[in-house]
Amino acid sequence: MLLNLQPTSSVSIQYHPFFGPHDDLVLLELDEKLLSDVLYQRVTLRGQPDEDAVLCTKSKTYLVKFVGTSNSVFLIPPADYSTSHESGGENYNQQVPTASVIKVAPGNMELVEVAPRLDKLKSILSENLYSSDEASTAMGDLYKWDDLINKVQASDDELKAGLQALSAVEIDGYWRIVDEKYMDVILRMLLHNSVLNDWSLDSLVEDKVVSVLESDGFPRKLVYHCLNVYGSRVEEAMDGGVWRLDARRVCVHFARGILREGKRKMESFMEEWLRMIPEEIQPSFDLLEGEVLTEKLGVETWVRALSVSSLPTTPADRFSILFKERAKWEWKDLEPYIRDLNVPGLSSEALLLKYTRRSQPSIDAEPVFSAR
Amino acid sequence: MQIQVKCSCGAEKCPEWAIIELQGVVEVQPSFQHSLQNLQIGLLCRPSSQENYTFTVGYHELTGSKVALKKPMVVLKKIKYMDVATSSSSCVELDVVGVIRHKILFKTRPTALISGPQPTVKEKINAAGA
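Sequence lines, in order, name chains A and B.
In terms of numbering that gives the first Met the number 0, the first sequence has 132 at position 133, counting the first letter as 1, and numbering is strictly consecutive.
In terms of numbering that gives the first Met the number 0, the second sequence has 102 at position 103, counting the first letter as 1, and numbering is strictly consecutive.
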């Protein structure tokens with residue numbers, strides 16, 4: 000009624016019979032496009048009591064922030080907002096109709112789109128890696144999908160993508176990250192059998208691979224997982240269930256294995272790496288971008304592991320670690336390590352501006368990025 | 000922890016709430032501080048067919064207009080209840096009880112009305128502005 004006040008009429012604004020602080024009533028400002036998600040009950044708030052609340056739709060995550068106001072914002076509910084019908088609300092018996100203020104709002108909540116907080120996902124799933132001696136080591140917390148929703152501040156779609164990025168696999172309802180050493184055992188067995196049975200790494204027949212490895216003692220689920228982690232399904236295959244191993248993923252796997260114990264001299268690394276890579280795969284050092292760093296110490300070039308997947312997902316933390324690893328970076332080396340950074344509203348140029356200092360030793364030299 | 004955001008009134012029937020916003024603070028005479036309920040704050044008038052409004056609080060008259068909010072707002076009510084299953088924890092739910100799309104905004108300095116009785120409620124100009 001207040002909103003449809005007719006020309007030349009008046010309404011008396013009163014304090015509602017139940018006027019009060021009503022801390023349980025809050026205002027939330029939203030974009031129009033989010034309004035229907037909220038009204039149709041498609042959003043949830045997620046997080047632990049000690050974390051800032053985030054609001055999640057099916058595919059996006061928003062930080063909830065309070066914005067105060069120094070204005071007086073009188074909140075007026077519709078006429079029937081009251082458990083008592085004798086008083087309050089709008090009253091047409093009086094000469095002048097009334098509208099009642101239930102609360103003076105100190106401000107409102109607003110939403111800021113943010114990247115999902117997936118670092119926590121990685122750390123909780125890493126508590127209990129799935130390894131070959133699973134039976135004896137499966138203690139501590141294991142997480143089902145619903146447990147992950149409760150712990151990780153991300154929307155359903157973002158959580159699924161996060162699990163995929165971690166190469167996590169669902170075993171007996173629990174989401175697990177498989178120990179790298181165990182993955183190595185399975186992959187080597189697959190490659191060994193490929194040689195034995197003359198399988199082409201470009202067209203591995205799923206049923207054959209699974210049955211052979213299963214008879215070698217590997218759980219079926221893990222064989223499929225191995226194919227997923229190191230290969231891709233060949234879509235064009237007529238009878239489905241054909242896989243092609245991915246050169247980059249296989250090469251990175253072996254590089255990480257070699258460098259797990261520490262850095263190596265380039266010649267030594269290359270010799271061992273080339274020896275381990277199956278014949279059918281063409282290795283090239285470029286495949287290792289975002290996974291290894293090379294540095295010159297004296298006359299020697301050394302290689303050490305630094306995987307972008309081990310770095311924090313938040314830009315500030317990411318750059319901090321990168322600059323600890325190396326004080327100055329050229330763009331070609333830095334790019335693979337920040338390519339995946341996701342900040343809604345910030346381009347990679349803006350990220351560089353915000354978190355790095357750019358310098359150029361001379362006109363023809365490459366620009367160099369260092370900490371701010 | 001996951002808190003469901005519900006809309007128990009139903010999306011299509013979600014009522015529209017209103018906001019009257021002023022720069023300043025409404026002061027209540029000390030003797031009325033503890034019995035505000037049902038006390039009149041002021042009179043809101045719409046003099047013509049335009050969306051202009053006057054709000055008379057005590058001996059001040061404010062002029063303003065109804066504006067559409069740049070972004071809509073929802074009114075959420077926090078509901079706490081005990082989870083029967085795990086009697087130790089209390090659950091929180093949020094219920095959308097209203098939608099706000101317009102407000103009647105007063106942002107000019109009030110004009111003083113010369114005659115009239117001593118008001119129980121008066122408007123005080125916020126010196127800092129908003």
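To be clear, the hints were calculated from the coordinates, so they are not data collected in a lab.
Treat the hints with care, since some could be wrong.
[Said to hold, decoys possible] Among the chain A residues that face chain B by a calculated CB cut under 10 angstroms, a handful are:
| # | residue |
| --- | --- |
| 1 | Leu4 |
| 2 | Thr7 |
| 3 | Ser11 |
| 4 | Arg45 |
| 5 | Lys64 |
| 6 | Ala104 |
| 7 | Glu112 |
| 8 | Ile148 |
| 9 | Asp197 |
| 10 | His252 |
[Claimed, not checked] Capping the alpha-carbon separation at 25 angstroms, the derived lysine-lysine pairs in DSS-like fashion look like this:
| # | chain 1 | residue 1 | chain 2 | residue 2 |
| --- | --- | --- | --- | --- |
| 11 | A | Lys64 | A | Lys119 |
| 12 | B | Lys79 | A | Lys32 |
| 13 | A | Lys150 | B | Lys77 |
[To be verified] Derived list of chain B stretches under chain A, where covered just means 3 residues or more per stretch with a C-beta under 8 angstroms from a C-beta of chain A:
| # | region |
| --- | --- |
| 14 | 12–23 |
| 15 | 32–40 |
| 16 | 92–100 |
This structure is a prediction, so every number in the text was calculated from the model and none was measured.
Just so you know, even glycine gets a beta-carbon here, dropped at the ideal spot from N, CA and C.
Taking the hints in turn, this is what the structure says about them:
Because the closest C-beta pair between A:Leu4 and chain B is about 5 angstroms apart, less than 10 angstroms, the hint holds. For A:Thr7, the interface hint holds, since its Cβ comes within 10 angstroms of a Cβ in chain B; the closest pair sits about 7 angstroms apart. A hinted interface residue such as A:Ser11 counts as satisfied when its beta carbon comes closer than 10 angstroms to some beta carbon of chain B; here the least separation is about 5 angstroms, so the hint holds. Interface hint status for A:Arg45: upheld, as the beta-carbon distance to the closest one in chain B is roughly 5 angstroms, under 10 angstroms.
For A:Lys64, the suggested interface contact is broken, since its CB lies about 14 angstroms from the closest CB of chain B, more than 10 angstroms. With a least beta-carbon distance of about 8 angstroms to chain B, the hint placing A:Ala104 at the interface is held under the 10 angstroms criterion. Because the beta carbon of A:Glu112 sits about 14 angstroms from the nearest beta carbon in chain B, more than 10 angstroms, this interface hint is broken. Contact between A:Ile148 and chain B, as hinted, is supported at the beta carbon level, the nearest pair being about 6 angstroms apart and thus within 10 angstroms.
With a least beta-carbon distance of about 52 angstroms to chain B, the hint placing A:Asp197 at the interface is violated under the 10 angstroms criterion. With a least beta-carbon distance of about 36 angstroms to chain B, the hint placing A:His252 at the interface is violated under the 10 angstroms criterion. In summary, the hint linking A:Lys64 to A:Lys119 is supported, as the alpha carbons are separated by about 21 angstroms, within the 25 angstroms threshold. Using a Cα cut-off of 25 angstroms, the hinted pair B:Lys79 and A:Lys32 is violated, with the two alpha carbons roughly 28 angstroms apart.
About 21 angstroms separates the Cα atoms of A:Lys150 and B:Lys77, which keeps this hinted pair within 25 angstroms; it holds. Only when three residues or more bring their CB closer than 8 angstroms to a CB of chain A does the claim for the region 12–23 of chain B stand; here the count is 11, and the claim holds. Only residues whose beta carbon comes within less than 8 angstroms of a beta carbon in chain A count, and the region 32–40 of chain B has 6; three or more means the coverage holds. Proximity of the region 92–100 of chain B to chain A, defined as three or more residues with a beta carbon under 8 angstroms from a beta carbon of that chain, is established by the 6 residues found.
The structure fails hints 5, 7, 9, 10 and 12 (numbered hints given earlier, in ascending order).
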